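All chains should be built: construct the whole structure from the sequences, respecting the hints.
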Amino acid sequence: MESLGSSIVYLIIALSIIVFSVLTVTTRKILRAATYLLFTLFATAALYFKLDYEFLGTVQIAVYAGGIVVLFVFSILLTSHPGNNSEELTSRKRLLGFAGAVATALVVGWAFFSRCADLFTSLTDAANPTMNQIGEAMLGTARGQYLLPFEAISVLLLACIIGGVVVARKE
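Everything in the sequence shown is counted per our numbering, starting at 237 for the first residue and increasing by one.
Worth flagging that the hints you see were computed from the coordinates, not collected in a lab.
You may find that some hints are simply not true.
Now the in silico label distances, taken between C-beta atoms and shown as ranges [what the hints assert, rightly or not]:
#, residue 1, residue 2, range
1, Ile248, Leu331, 30 to 38 Å
2, Lys329, Thr294, 38 to 46 Å
3, Thr262, Leu314, 18 to 26 Å
Please read these numbers as outputs of a predicted model, since none were measured by experiment.
Quick reminder that beta carbons are idealized off the backbone N, C-alpha and C, glycines included.
Shown next, in the form of structure tokens:
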């Protein structure tokens, strides 16, 4: 019975992550998008808490959900009318966006199935791997480990922050 309840809670959390993620990228109001993103991040934290990763759940709320408050401030300061709708996409842009989304999904799917198999096979020596083993598998430098992509994402986030500062300075 506990397994059924746990599965139901997991499905509710997963469904809320999916729904709020879709609402985040489909709404045309910037404050609503930020609010939906906040709900997505809270649902992700709930998933971490359900998996008994209290530290990750706490960090998710403190860092990412706290970052949404900063997003609110930037969205209000950088837009002249924060409640107005953004311009509607033309059909050509919509088609290009859909093609880009499908291409991205295919690349992510290929990367997931080709690379994650290495990660999981490196953890097969232990029936219940420790956080240390998972951390070494995720952030190691050997084949099938993910230090380089992790560092590439940090450079990408740094570029986004610099871009945000440049946009803010022009206004």
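The hint says 38 to 46 Å between Lys329 and Thr294; measuring C-beta to C-beta, is that right? With a Cβ separation near 40 Å, Lys329 and Thr294 satisfy 38 to 46 Å, so the hint holds.
Would you say the C-beta atoms of Ile248 and Leu331 sit inside 30 to 38 Å of each other? Distance hint for Ile248, Leu331 holds at roughly 34 Å.
Against the range 18 to 26 Å, how does the distance between the Cβ atoms of Thr262 and Leu314 compare: consistent or not? 21 Å, holds
Of the numbered hints listed earlier, not one is contradicted by the structure.
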